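Quick mapping for you: the protein sequence lines, in order, are chains L and C.
So in this note's numbering, the last one in the first sequence is 205, and the numbering has no gaps at all.
So in this note's numbering, the last one in the second sequence is 307, and the numbering has no gaps at all.
Watch out, some of these pointers could steer you wrong.
FRET-style restraints, in silico, Cβ to Cβ [stated by the list, open to error]: (1) Asn202/C / Leu59/L: 31 to 39 Å; (2) Ser67/C / Thr192/L: 33 to 41 Å; (3) Ile288/C / Gly147/L: 39 to 47 Å; (4) Pro104/L / Ile288/C: 39 to 47 Å; (5) Lys169/C / Thr91/L: 35 to 43 Å; (6) Ile38/L / Tyr259/C: 34 to 42 Å; (7) Ile278/C / Val140/L: 54 to 62 Å; (8) Thr112/L / Ser67/C: 34 to 42 Å; (9) Glu104/C / Asn39/L: 31 to 39 Å.
Partner residues are not named here, just some residues of chain L that face chain C (Cβ under 7 Å, in silico) [unchecked claim]: (10) Ala32; (11) Ser44; (12) Ser50; (13) Ser70; (14) Thr162.
Hints listed in this document are in silico derivations from the structure and should not be mistaken for laboratory results.
Keep in mind it's a predicted model, so treat the numbers as computed, not measured.
C-beta atoms are modelled at their ideal positions from N, C-alpha and C, and glycine is treated no differently.
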Amino acid sequence: MKINKYIRLKSPFAAMLFLALFFGGTSIVTAATASTTINSTISSVISVSSTGTVTLNVLPTGSGSQTIGSDTVTVNTNDVAGYTLTLASSTANTYLASGSNQIPASSGSQATPVVQAVNTWGYCVSGVGGFGATCPSVGVSNQSISGTNKFAGVPATGSPNTIATTSTTAVNATTTVWYAVAANTSQAGSTTPYTGTITYTATAN
Amino acid sequence: MVRGNYFKYFFVLSLSLFLVIFIKPLHAFAASQDLTISPAVSQIKVNPGQSVSGSFLIINQGDGTYSFNVYATPYNVTGQDYTPDYKAIPGAVDVSSWFKFSIESGSVAPGQTEKVNYTLSVPAGTQDGGYYAVAFGQTNNPKALIGVTINERVGMLFLMQVGDKVVKKGLLQTWQSNFFQSPPLTSNIKIENSGSIYFRANFQYKVSDLFGNTKYLLNGQKFILPQTVRNLSLPWNKSPSFGLFKVSGNVNFLGKNQYLGTKYVLVMSKAVRIYTGIIISLIIVSYIAFSLGRRKRKKQNHRKKRN
Numbered sequence: 001m002k003i004n005k006y007i008r009l010k011s012p013f014a015a016m017l018f019l020a021l022f023f024g025g026t027s028i029v030t031a032a033t034a035s036t037t038i039n040s041t042i043s044s045v046i047s048v049s050s051t052g053t054v055t056l057n058v059l060p061t062g063s064g065s066q067t068i069g070s071d072t073v074t075v076n077t078n079d080v081a082g083y084t085l086t087l088a089s090s091t092a093n094t095y096l097a098s099g100s101n102q103i104p105a106s107s108g109s110q111a112t113p114v115v116q117a118v119n120t121w122g123y124c125v126s127g128v129g130g131f132g133a134t135c136p137s138v139g140v141s142n143q144s145i146s147g148t149n150k151f152a153g154v155p156a157t158g159s160p161n162t163i164a165t166t167s168t169t170a171v172n173a174t175t176t177v178w179y180a181v182a183a184n185t186s187q188a189g190s191t192t193p194y195t196g197t198i199t200y201t202a203t204a205n
Numbered sequence: 001m002v003r004g005n006y007f008k009y010f011f012v013l014s015l016s017l018f019l020v021i022f023i024k025p026l027h028a029f030a031a032s033q034d035l036t037i038s039p040a041v042s043q044i045k046v047n048p049g050q051s052v053s054g055s056f057l058i059i060n061q062g063d064g065t066y067s068f069n070v071y072a073t074p075y076n077v078t079g080q081d082y083t084p085d086y087k088a089i090p091g092a093v094d095v096s097s098w099f100k101f102s103i104e105s106g107s108v109a110p111g112q113t114e115k116v117n118y119t120l121s122v123p124a125g126t127q128d129g130g131y132y133a134v135a136f137g138q139t140n141n142p143k144a145l146i147g148v149t150i151n152e153r154v155g156m157l158f159l160m161q162v163g164d165k166v167v168k169k170g171l172l173q174t175w176q177s178n179f180f181q182s183p184p185l186t187s188n189i190k191i192e193n194s195g196s197i198y199f200r201a202n203f204q205y206k207v208s209d210l211f212g213n214t215k216y217l218l219n220g221q222k223f224i225l226p227q228t229v230r231n232l233s234l235p236w237n238k239s240p241s242f243g244l245f246k247v248s249g250n251v252n253f254l255g256k257n258q259y260l261g262t263k264y265v266l267v268m269s270k271a272v273r274i275y276t277g278i279i280i281s282l283i284i285v286s287y288i289a290f291s292l293g294r295r296k297r298k299k300q301n302h303r304k305k306r307n
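Given only the sequences and the hints, what does the whole structure look like? Please build it.
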């Protein structure tokens with residue numbers, strides 16, 4: 001039979017072709033590999049920022065005039081224990097001074113803030129200590145002294161008050177600090193403004 | 001003529017609106033000061049009489065140049081809430097005197113970094129134990145002409161072990177979560193360190209609903225200074241005004257893991273309490289009225305029967 005002969009003739013040849021293709025057309029190689037270790041150290045950081053100056057100009061009246069302004073403090077840290085932010089005067093003095101004239105700090109404390117008395121200055125941080133919801137929500141200029149907003153005296157350096165603390169990392173965590181000055185006409189005016197310096201301190205927990 | 005006037009008025013009005021909307025008024029504002037220090041914490045072991053060196057970075061990520069000072073202070077805490085105290089304790093070692101810095105003042109432009117090298121030298125004869133300090137970078141703003149000048153400072157915390165003879169000892173003092181609370185739902189963990197060296201405590205705190213769904217999960221870590229009790233206040237700031245929840249967790253320190261048993265907390269805000277009180281009062285009043293009315297009807301029926 002022609003077909004069978006054809007097949008018989010082709011079979012060995014096909015087998016040889018198959019073997020040649022399979023073993024001749026390919027080469028067996030041993031793969032060589034190498035590995036690289038990637039190392040990355042993420043440094044721990046902590047940062048703090050604020051505006052730098054809070055201006056609280058007052059036009060005193062007989063009964064007393066109050067100006068309120070705010071500062072926003074922003075803290076960032078990737079320390080897993082979080083941070084503590086404190087506030088204190090930069091010196092042992094807690095008053096605003098213009099030469100020999102002074103505006104003393106409010107008699108209230110962070111635990112027990114008080115309605116601002118005339119001729120004093122103070123601060124308020126909503127939700128912290130005894131402030132609760134007594135802090136202002138907007139700044140005002142030369143208004144009559146608020147009977148609802150409460151303020152505390154800024155503590156001297158070395159005895160800072162904690163105004164924010166977290167238990168984990170912080171990304172742009174903001175704390176708004178309200179400052180107020182109240183003065184009547186018995187507070188000496190001067191050509192040199194009353195000034196004081198406050199320090200915010202942020203440290204990891 | 002009239003049409004011309006209208007055009008004039010329209011033109012003036014449009015120009016005014018354009019000026020108001022598109023020409024921004026000038027605002028006087030202070031450039032933001034962004035003071036960063038890295039790393040934030042350093043844990044060092046050093047022997048008495050030895051020195052160790054290192055460095056940290058002062059980074060200006062703000063948009064204005066500022067001058068800064070570098071100095072060290074002791075680090076202590078007051079109270080269980082760990083209010084920082086940077087004053088030297090009378091009679092105690094003034095750790096800040098151990099530090100020497102390559103830069104004590106300078107200025108840094110926006111986007112720039114200043115590297116500060118330090119050498120920490122522990123005096124010979126210093127007692128073995130834990131010592132704590134902070135290296136501060138502080139902005140040094142020119143005194144403001146008006147009002148309150150703000151300085152910022154950030155501290156790099158140094159947790160130091162001097163020598164090898166230290167005692168590590170502590171315990172979980174309390175795990176507390178009041179059943180009845182106003183939002184935010186808050187729990188407290190108190191950890192006591194009765195040893196002579198600090199240790200770190202890792203904690204996990206979980207708030208879930210009655211079906212076991214996790215509503216809030218916090219993983220944290222705190223260091224506990226020797227001879228102190230630290231209160232970890234754990235508020236769930238996004239807790240709803242009403243709800244019944246389960247709180248639990250665990251604390252891990254000194255190689256031991258301690259489970260914080262599940263507690264139930266009923267959260268009710270002031271408003272919810274008032275409304276609930278009103279509803280309950282109405283129910284009680286209604287029930288009393290209904291009961292009285294029923295008793296009256298019974299009496300009337302009884303009289304009718306007798307008659």
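Hints, verified against the model:
no.: 1; hint: Asn202/C / Leu59/L: 31 to 39 Å; result: violated (55 Å)
no.: 2; hint: Ser67/C / Thr192/L: 33 to 41 Å; result: violated (23 Å)
no.: 3; hint: Ile288/C / Gly147/L: 39 to 47 Å; result: holds (43 Å)
no.: 4; hint: Pro104/L / Ile288/C: 39 to 47 Å; result: violated (59 Å)
no.: 5; hint: Lys169/C / Thr91/L: 35 to 43 Å; result: holds (40 Å)
no.: 6; hint: Ile38/L / Tyr259/C: 34 to 42 Å; result: holds (37 Å)
no.: 7; hint: Ile278/C / Val140/L: 54 to 62 Å; result: violated (37 Å)
no.: 8; hint: Thr112/L / Ser67/C: 34 to 42 Å; result: holds (37 Å)
no.: 9; hint: Glu104/C / Asn39/L: 31 to 39 Å; result: holds (34 Å)
no.: 10; hint: Ala32; result: violated (41 Å)
no.: 11; hint: Ser44; result: holds (4 Å)
no.: 12; hint: Ser50; result: holds (5 Å)
no.: 13; hint: Ser70; result: violated (11 Å)
no.: 14; hint: Thr162; result: holds (5 Å)
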